Amino acid sequence: MFGSEILEVAIGIIFIYILVSILCTAIREGIESWLKTRAVYLEDGIRELLNDKTGEGLTTHFYNHPLIFSLFSGGYEPSESSKLLTRCVKGTNLPSYIPAKNFALALMDIAARGPVTNAASSDPYTPLVCLDTVRMNIANLKNESVQRVVLTAIDCAQGNLNRAQANIEAWYDGTMDRVSGWYKRQTQWIVFGLCLAVTVALNINTITIVDYLSQNNEARAALVKRAIELDPKDSASPDLNYDAVKQELNSMSLPIGWTAGWGAPRRAGDPESKIGTKSEWWNDIFAPFLGWFMTAFAATLGAPFWFDVLNKVMVIRSTVKPHEKSPEEASEDRQFPTRQVEETRNTNPGTGQGNIGVPIARTGLQANGVGVLPYHWQTRNPMDNESSIDGCDIDISTRPATSDEELPAAEGGVA
Amino acid sequence: MIYSLVWLPQVLKSAGLKVALVDGWESRGRGDVGQIFGVICHHTVGSKNGNMPSLGTLTRGRAASNGRPALPGPLAQLGLGRDGTYYMIAAGRCNHAGEGSWNGLTNGNGNFIGIEAENTGLADDFPWPKVQMDAYSRGVAAILTHLGRGADCCAGHKEYALPQGRKPDPSFDMNAFRLSVAATLRGTAPPLTPIPAQEPPAQNGGHGGRVTLRRGAIGELVQQVQKKLRIPADGNFGPKTEAVVRAFQRERGLVPDGIIGPKTWVELDTVSGFYELPPT
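These protein sequences, in sequence, are chains Y and C. So for the first sequence, my numbering puts the first residue at 211; every next one is plus one. So for the second sequence, my numbering puts the first residue at 68; every next one is plus one.
Just chain Y, with the same shape it has in the complex (with noise of 0.2 Å):
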């Protein structure tokens, strides 16, 4: 029939690169286990978003954030190496996800109340993470590029601090999705590699499949049939794993594996069968390699795009054969939906999540009103190391007693 034995080589072909396509996604996951890959790129990722390429800087101050801290096991180090695989390999022990509301808070918490976590910063006297005190202390976070984006935050915010809490989560999750593009880009090469290598190691030849597929039979219609039963629904997330696939890929008989050796896909001895030209180097050498390849870049597109390609090819395969009619499916979009932290906040305001205190006038600062600054606003000297020390205490026992004779001069006082 015409079309029909076409599209059922495309599905069988298809069906075998979703297998193996999640056979290389499964070994993946499993180096990714291994080398916390993602963890290293969300470290470059809030690098790069905090102006600190050496991680030394805000970046410490930031993973050593209770906020964050508590998120991974271990104490921070910046490494010493800039390159992403040398620090991949050493292995981390930092988070492969932040979650937005916690770095904004934890931002907002070192501007306020600086840095370092002692009995200073977490005294009930100590500073309100209000939209005053941040900016009043925004020096804290000694970093010229993010003092300004958190100012401009806050000015954006017209005196709510939820909202200025939202624009850092938006700022923080712009940057985010940068580093899941690096992370894509670099799976991708990962994957396909590693999906060269299946590919070779069980000689899966799109050309010898396709070959045998449009010869035999009883193999397509066995491989079309199991294709069908795999439920396209389950399609965002197959929950085949490595083991099940493999099984599944020896299971079909089909021309894979070195048990013929090299030139395998061929039936020995059975010329009809051969693809075209008879020529040898065609046939052994060039057939091989193209198809592997073949297979390779196939895989890596991953497997959710191979079951849309299924679910379109079944599509119009039902049209050709109105009686096994399925049901029409829309590709998936798989960009997750975006946030509606802005909406939430502001419908709601004050009682959204991540309220972490409404300003409060302690002090009278805020008794100025919004938008009247009580003090000129520039602080020169941030926090650092000599900011934590006072001498009022003073021992004067370890130098002598000034007496009144080497006292210096007064002027004054007299009229």
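Keep in mind the hints are simulated off the structure, nothing from the lab. Errors might be hidden in some of the hints.
Under the rule of at most 16 Å between Cα atoms (straight-line distance), these lysine to aspartate or glutamate pairs were calculated in the EDC-like manner [said to hold, decoys possible]:
1) C:K307 to Y:E615
2) Y:K352 to Y:E266
3) Y:K352 to Y:E596
4) C:K307 to Y:E616
5) C:K330 to C:E318
6) C:K294 to C:D336
7) C:K80 to Y:E621
8) Y:K435 to Y:E215
Everything numeric in this text was worked out from a predicted model, so none of it was measured.
Following the hints, put chain C in place on chain Y, whose structure we already have.
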């Protein structure tokens, strides 16, 4: 390098206060200060003897001892002696405040001026000398006026320091202190009466009309005083003479400022023959 707070002595002197400059004050500091948001008041927990026994430590810092690490000086921009003299120690940043928060500001060392007043912090030194308290509130008011800020920008170290209770100084009531600062800022406080430059004219054949003497003075009057106080009578009012005058004033219940004004002249007149220095 000359640091930012070089305006302090002139501001204090203009308020009628006594100011003494410690050598090298203009370029002393842990770097420069940032924007100044106010004043933090301290007391030194120093010795009971002398006008400003902690001055050396405040200037040079604390040496390491008994397991406590060394603390680099200066430890405050200003020292306030028991006679109400401000000692100008440093125009730069000082290690006086440490961890804490006032009006939401957390960098006390960078953003506040520190004044260390000489006091033991104990019951033996309470209440504070009237002249010292008066100079304290007037000095703080003068600085806040210069900064364009109100009395709420003056904090006690015990109020600023975190965690609460980390510091006990100053030992007086800060709210009452701020009230008197506010009164000076408003101009409702009684004006400061400076020491007259000269005694009132003589009456009934007694002494009178003598000029007020202080360190740096020379002449016959100085010689007379030196003879009375049993020190080499070279007619030169130097540090040694000043120290002895302070001791005499302390003995007689006067303000021990080493300045021989009308009150000290009267006391000196009561000394017949030679004055015997009390053993120290």
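Going down the list of hints, with the structure as the test:
A distance of roughly 6 Å separates the Cα atoms of K307 (chain C) and E615 (chain Y); the hinted pair therefore holds under the 16 Å criterion. Restraint check for K352 (chain Y) and E266 (chain Y): the C-alpha separation of about 12 Å stays at or below 16 Å, so the hint holds. Pair hint K352 (chain Y) plus E596 (chain Y) holds up; C-alpha atoms about 14 Å apart against a cutoff of 16 Å. Between the alpha carbons of K307 (chain C) and E616 (chain Y) the distance comes to roughly 9 Å, so the proposed pair stays at or under 16 Å and holds.
Straight-line distance between C-alpha atoms of K330 (chain C) and E318 (chain C) comes to about 13 Å, which keeps the hinted pair within the 16 Å bound. Distance restraint check for K294 (chain C) and D336 (chain C): the Cα-Cα separation of roughly 13 Å lies within the 16 Å cut-off, and the hinted pair is therefore satisfied. The hinted pair formed by K80 (chain C) and E621 (chain Y) meets the criterion: a straight-line CA distance of about 8 Å does not exceed 16 Å. In summary, the hint linking K435 (chain Y) to E215 (chain Y) is supported, as the alpha carbons are separated by about 13 Å, within the 16 Å threshold.
When each numbered hint is compared with the structure, no violation occurs for any of them.
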